[in-house]
Amino acid sequence: MSDSIFDHDHHAPALALPSDIPAALLRKTPLNLPNPAELEVLRHYTQLSQKNFSIDTQFYPLGSCTMKYNPRIAHTMAALPGFARLHPDTPAQGMQGLLQVLWELQEWLAATTGMAAVSLTPAAGAQGELAGVAMIRAYHAAHGDHGRRKMLIPTAAHGTNPASARMAGFDVVEIPNRADGDLDMAFLDQHLGPDIAGIMLTNPSTLGVFERRITEIAARVHEAGGLLYYDGANLNAILGRVRPGQMGFDAMHLNLHKTFATPHGGGGPGAGAVAVQERLRPFLPLPVVAREAAGALRWLDEGDLPQSIGRLSAHGGNIGVLLRAHAYLRRLGRSGVGRVSAYAALNANYLLRELQRVGYQAAFPERRASHEFILSVSDLQKATGIRALDVAKRLLDFGIHAPTVYFPQLVPECLLIEPTETESKATLDRFVTVMAQIRREALEQPELLREAPHHLPVGRLDEALAARRLDVAEAL
Amino acid sequence: MSDSIFDHDHHAPALALPSDIPAALLRKTPLNLPNPAELEVLRHYTQLSQKNFSIDTQFYPLGSCTMKYNPRIAHTMAALPGFARLHPDTPAQGMQGLLQVLWELQEWLAATTGMAAVSLTPAAGAQGELAGVAMIRAYHAAHGDHGRRKMLIPTAAHGTNPASARMAGFDVVEIPNRADGDLDMAFLDQHLGPDIAGIMLTNPSTLGVFERRITEIAARVHEAGGLLYYDGANLNAILGRVRPGQMGFDAMHLNLHKTFATPHGGGGPGAGAVAVQERLRPFLPLPVVAREAAGALRWLDEGDLPQSIGRLSAHGGNIGVLLRAHAYLRRLGRSGVGRVSAYAALNANYLLRELQRVGYQAAFPERRASHEFILSVSDLQKATGIRALDVAKRLLDFGIHAPTVYFPQLVPECLLIEPTETESKATLDRFVTVMAQIRREALEQPELLREAPHHLPVGRLDEALAARRLDVAEAL
Amino acid sequence: MPYIPHDAAETAAMLAAVGVERLDQLFDEIPPVLQAQDMALPEGLSEMALQRELEGRALANAPLRCFAGGGAYAHHIPAVVWEIAGRGEFYSAYTPYQAEASQGTLQLIYEYQSFITRLTGLEVSNASLYDGASGLAEACLMALRIQGGDKSILVPENLLPGWRRVLDSVLGLQNIRLVSVPYDRATGTLILPADAGDAAALIILQSNALGLLEPVDALTDWAHAHGLLAIAVVNPLALALLKAPGVWGTQGADMAVGEGQPLGIPLSGGGPYFGFLACRKAQVRQLPGRLVAKTVDGQGREGFCLTLQAREQHIRRGKATSNICTNQGLMVTAATIHMAALGGHGLQQTAVRCHERAVRLRELLTGVPGVSLPYGGAFFHEFVVRLPHAAVAVRDALLGYGLLAGLPLSDWGMGEAGDLLVCTTELLEEADLLAYRGALTAVLETL
Amino acid sequence: MPYIPHDAAETAAMLAAVGVERLDQLFDEIPPVLQAQDMALPEGLSEMALQRELEGRALANAPLRCFAGGGAYAHHIPAVVWEIAGRGEFYSAYTPYQAEASQGTLQLIYEYQSFITRLTGLEVSNASLYDGASGLAEACLMALRIQGGDKSILVPENLLPGWRRVLDSVLGLQNIRLVSVPYDRATGTLILPADAGDAAALIILQSNALGLLEPVDALTDWAHAHGLLAIAVVNPLALALLKAPGVWGTQGADMAVGEGQPLGIPLSGGGPYFGFLACRKAQVRQLPGRLVAKTVDGQGREGFCLTLQAREQHIRRGKATSNICTNQGLMVTAATIHMAALGGHGLQQTAVRCHERAVRLRELLTGVPGVSLPYGGAFFHEFVVRLPHAAVAVRDALLGYGLLAGLPLSDWGMGEAGDLLVCTTELLEEADLLAYRGALTAVLETL
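Chains as they are written, first to last, in full-length UniProt numbering: chain A, 1 to 476; chain E, 1 to 476; chain H, 1 to 447; chain X, 1 to 447.
Derived by calculation from the structure, the hints in this document are not laboratory data.
Certain hints may be false.
The calculated label-pair distances, taken between Cβ atoms and stated as ranges, are [said to hold, decoys possible]: (1) H/H226 / X/A8: 47 to 55 Å; (2) E/A293 / H/E429: 37 to 45 Å; (3) H/A40 / A/L15: 29 to 37 Å; (4) H/E363 / A/E302: 51 to 59 Å; (5) E/E447 / A/D429: 36 to 44 Å.
Quick list of in silico lysine-lysine cross-link-like pairs, DSSO-like style, CA-CA up to 27 Å [what the hints assert, rightly or not]: (6) A/K28 / X/K151; (7) X/K151 / X/K319; (8) H/K319 / E/K150; (9) H/K319 / H/K281; (10) H/K281 / E/K150; (11) X/K151 / X/K281; (12) H/K281 / H/K151; (13) H/K151 / H/K319; (14) X/K319 / X/K281; (15) H/K151 / E/K28.
To give an idea of the interface, some chain X residues facing chain H are shown, with a C-beta separation under 7 Å as derived from the structure [said to hold, decoys possible]: (16) E47; (17) M48; (18) H76; (19) P78.
We put the CB at the ideal spot given by N, CA and C, even for glycine.
For reference, chain A alone in the conformation it holds in the complex (with noise of 0.2 Å):
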């Protein structure tokens, strides 16, 4: 039984409006937005809610999005009157709590990252990118070096990489990667030139192996004048072992909602802070929270950062989001970050292991893996027709929601796999048993996996159909 928030409208009688507006501006027909009661509405949501999968519901191994738990009491703090009600205008002597949450974010995720400066203000991993490429084109134009139009991204990088770059006004130039998953240093060293502004890498990259070149890779590129970008949609892997400043990073960002276990909340609001090298610093993103020598914290604006790249966002960024990650790191620390990634590691390569033992088949078997890896089910493929898609959805009959697939597009077939640190060997034993049958029945009842899933709301959706009848809106 479909339900829908239309279908619970009760009649309310007209309002008078206002007379002093002139009525050459007021609305003209009723706005018809529907009338429910309260329950009706509280039913009607809560009960959609039960049609979701959710951390709090369901494991996700899901690779190149860190889905790991998000500690409730980051949610209840950010929720405190002090932060929630507060107006972002409200002068700094009225708001130094908040601010003194954000400026030791900013100083903790500078020591995190090896970095030297923070700017905590890009509202999700793509406007981090978009500002740390638009650093480095702010840095080359200050140096009067106007000639560095194209920046290096491999074939396998996230798709907002290309996208953040063309944004920043950048041409893309792919690299590609070799098949034990590190870069091509001849395409690359081709490639490096008075042209280039820079690179944007993952490490580990997106093939879930780390790139063992890195300090090389970083020697060359600067040799060429070009800086290093660093995409932290990854950084759970290395969090607290190893910063991407040591690795020759200029500039980053740091996903927030992944390795900082801020919620996705079904697609958002993330936070992307940035973090860059001294050079880079005068060119951050505003606002900036600074601490005065008397102690008092205040924002930084364009009078003092005259070289930023400005704002982008009206406010200080996703600040409420912000405040759950500080909840997060501050319950770490500095023993409890290392932490995260040696069992991020370890779920990842006993999964790994465990997988293999079961029948299914690693896209870089000889290496280690990191917080995640790739598995090619081309061999089902060939055996019975059976693809990645079928397989990711058979899983979700079983409450486990489906792996990344076919990203990257470079490992036909594939599985994009990441446990994360907070799930338990319970539950990774439990999905290797699942998968284990799932193998089985890709073998023997192909079609099983084929019209999945069966028990959930709906069965596969057409998607051709949406896009071709485009029914985004209840129609009047």
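Based on these hints, arrange chains E, H and X on the given structure of chain A.
For chains E, H and X alone, coordinates are given in the frame of chain A:
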């Protein structure tokens, strides 16, 4: 897949116990509670919650318990730190805000019931009943009237009535109802006498009809020296319209978790405030909030009310529940309370008509329904063997909670149905459609009902085995 | 019309179906003289105005650093506890009479019962009673049912006075005699009576109202030697540290009862809390309140349901083990999640910290001039200090320092005027203890 | 080990399965020189200690009665909104790429899109952008894609300065020229430029940064007459009262964009909020961000899924309509519930109240000696008062009265030193308005 919290146990190292406590007093065996990770706790109990029906997710046409919407604002207000963190032994000057709320609630409940005074302390309806009949006992005792050992109670009364009367040391005399639902006055007259302490009534009665001769009953009981106790379970039927005080009742309780929209919480906590006429005021259970001349509020104790029946719990009762009831009543206000009973009656009478229309038989077809009404499916039982329980279980399959069945026992194969005022016509219409379908199924496919429910986490459970085997705790 | 969905057209259609014209006509069986009096209620508020009013009231209750106990304790409650307990599916669910539609609550109660049996060392726990004090009254009634005949209960004089009053109120209704057992004014612990009279049970406190640990093994054995049942009254958090009632003495206590509030329940000015009650399996049919059991459905799937309902008032009516119906379900939900969130290890750690803080504060306070310790015995997390001024005056003066310093025993008619019962929990840091000492020193100098 | 479940035995078993002995060995492919530097982080806190620390920080932000707007507004949010939005199934869910496992979020977004189209009078709404300002930048880029060629954007000078800066930052990266359109210093509203140059679009504000309503019909028609797209920038709550952009002028605006914060999003010091963006169906392929559509499954059951993903970066990579990936999903969840909880009627009622309060406060403040009104035009719920002293000093002085009195225009480099932008919402009662007047009177007397 069944999941127990005991499945999530990670070994924790043993702790050193304090040396200043004699070893003989310390725990000898390890405390065998599981040690789950926070995500495991969250996921386990979130998943458990999803196995429940609730007002927030389902319609409860549940007679004898008003299951209406529990406004969320009441929950958030009760959780304010100024209330939630207040130690009960804080001196009065440190809890004036709370005392103000409780004092207002006392006043408003008195106004709403037509009584002179209120004590909020009883923790639930049954404790309210106990307090009520204990006050009647204390009243007679204070008048040297020690021979009044019997309490009159209708056969159809809630089970708590006789249980509470017994707990207060009374003998119970049951009074039958006539075929039209009203009380048997002849029987009443026979039993009234110098050994009668009083009578416990609910009006409208558990038969879903208003006792029309209540004024006459009150006069006769009073004439015989007895007092009248009003069981407030059905107050929603007359809220803001008829006041028990005017009907002639001397004492009563209110189920705040029914009429005043505080949540049932899967079985409590409730609150069973008692309200009394002036002559019973000295006997109210403690504590009670009083306003002093200067406006300051304080708790009254044994010194203030030496004739009190005493304390029923260690502190002031279920204060968090009282806060919720206060919030609800404050939202409704003077004109809102009357609408409660008006629409509760409208929903009940509409539903009764509609269910009769699709073939169900009313127990009292010639009477106006109050806020609830009784159907009997004896006709189905005769035709196909289908019982009220089968209809109830089948309803669960449609996402509708079962009505109360087999209560009152007077009516064979009965369903006691109370829709409450917070359900919409659309919900009632859907219920009628489902009930019509179930009736058809009962006649055409009775096994479908006998084996129901089919679509819940478990099928009909073996209650006999449960009692025989008596597995009431996870084995060590 | 808050919370009522009907619009005018819907109301009209429904009235027409019923066959009346106005809402008033739905009450046509009720004598008009009884209807429609005006009520002295204020007009209703919008949710916004209500929120503003109640936030103001909440702020009028000054936030205090809490050193008061006496049966209600300020503990940290992990955020996860009420985030889950507040979910609509728990919060707004009915009593789990329809088992198939209530497996969440039922399994949770089963887990709760399991936790309580492990804490107490007894075999059966009910699904909760109203609070610790009323739970003790129920335990006494249960003991009397088991023992039969008209008997009395032996009640220690160092029971919390609020609890004693509840026993007086509830047991008094059935003319049950409560025989007081005195405590030693020097040690603060119970003096064993010469004989047991016609008593059915002895109440054994761990800790007693003065915060002191009692020799529970000896008391239990004494009770059993005299044919009495031993009713243990315990703090469930302390049981993470202290010997379980089920193994007290040679045979163990027969029942354990207590206030569940320390297990994740906010102080809330005094409630809602919950009482727990555990007993031996042999006596389960005398246990009051709801009980959940594991069973199977027709397909052999495991499930949970209420059991032994024939003990309860909705079946047995006047012959039930108690009149209790609605209990403290949501508090049990929170307590269960709380115990799971802390885990056995965390509960024990918390108990140890509460105790360590108490030891430390006791040491600090004895360094304040004029302050002494009337009792020397072992304690869990509460202890009495004897002040050189009336404890009430000192407590009131310390409110100005943002401290609720404890409970003056004189409020209870116990001890001397200067006696203050002080409690510490894990919430208090060293700085708080030092602040207490500093404030007390300052107050005593000026009084 | 916060949030990591493994105990020692489990870790050992897993290491053994992997074939290593220590956790460190899992990083054996990483050059040792890059590993294990010590980090300048404080030690971790227990949840209890964290809560205490952050509650202290929260209290350090003084609670103020809010008369500030400027793009962020203090509204009442019904309790039901965040009680539901905070449920784990919404809060901790992933982006709904797996449609079958995300029907809750997908249907909710579909309902959100429906609500936005009805508010704006346009046919398509995306599933959100970061905030209003960045949403406007996206709308400009979209207009440029639709119009083709190297073009500029006409930007009113009475656009909120924070928004203008975002346009400068984002559009500047692609060397897009922003041509400022001045406003009339006497009326505060826009002066239509003589010609449109090579502009692709005109931004039309309703209201503008001074709180004034613009002649949107004329501006829209002017834009269309000059071949420009009309981009409406609107407050979604005001749209409950004001004419929908879809019917501005003869043809209606082409896009509507705005800050969604007034729809149930807490102020939170500036975010997270969300930007909404609506357009005509014909231009949907140029729309940035996610979009949800209704469809059916193999059995014909209705369901919802993301659609037209080929516009997005994860498919189209460098050729996407935007780089946006994560948007503001949970804010949209809250906003949708908020709009449903208020309903069309409640939104309109709230908008009317905001306006009435503003009219009343404006009247009250003009009675304060020395206070004048620089602009006479119609407004929604914000207006400028001209004070006889620097607005910054007055604002700071009023903090002492518990009031955030408004936004000094001088902070924005606009208006005169005494100009203060004042906002009212439904949260403010008559008593608050009188208190404001009283405090302002007192402050002006002493300055």
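Q.
Check the hint pairing X/K151 with X/K319 against an upper bound of 27 Å on the C-alpha distance.
A. Distance ~19 Å between X/K151 and X/K319 Cα, so the pair holds.
Would the pair X/K151 and X/K281 pass a check requiring their Cα atoms to be no farther apart than 27 Å? Holds - the C-alpha atoms of X/K281 and X/K151 are around 23 Å apart, at most 27 Å.
Falls inside 36 to 44 Å, the C-beta gap from E/E447 to A/D429?
holds (40 Å)
Self-check item: Given pair status - E/K150, H/K319, alpha carbons within 27 Å
Solution: Distance ~15 Å between H/K319 and E/K150 Cα, so the pair holds.
**Message:** Taking the Cβ atom of E/A293 and the Cβ atom of H/E429, is their distance within the range 37 to 45 Å?
**Reply:** Between E/A293 and H/E429, where Cβ atoms are some 42 Å apart, the hint holds.
Beta-carbon spacing of H/A40 to A/L15 - inside the hinted bounds 29 to 37 Å or not = Holds - the Cβ-Cβ distance for H/A40 and A/L15, about 32 Å, lies within 29 to 37 Å.
_Would the hint on X/E47 be counted as holding, given a Cβ-Cβ threshold of 7 Å to chain H?_
holds (6 Å)
Could you grab the alpha-carbon distance between X/K319 and X/K281 and see if it respects the 27 Å cut-off?
holds (21 Å)
Original post:
Is H/K281 close enough to E/K150, meaning Cα to Cα at most 27 Å?
Top reply: Violated, because 35 Å separates the two Cα atoms, which is more than 27 Å.
**OP:** Quickly compare the C-alpha distance for H/K319 and H/K281 to 27 Å and report which way the hint goes.
**Re:** Given pair H/K319, H/K281 holds - Cα atoms ~21 Å apart, limit 27 Å.
*asked:* Looking only at beta-carbon atoms, does the pair H/E363, A/E302 fall within the given range of 51 to 59 Å?
replied: holds (57 Å)
Is the straight-line distance between the alpha-carbon of H/K151 and that of H/K319 27 Å or less?
Holds - the C-alpha atoms of H/K319 and H/K151 are around 19 Å apart, at most 27 Å.
Hint compliance for this structure: hints 6, 10, 15 are broken, all remaining hints hold.
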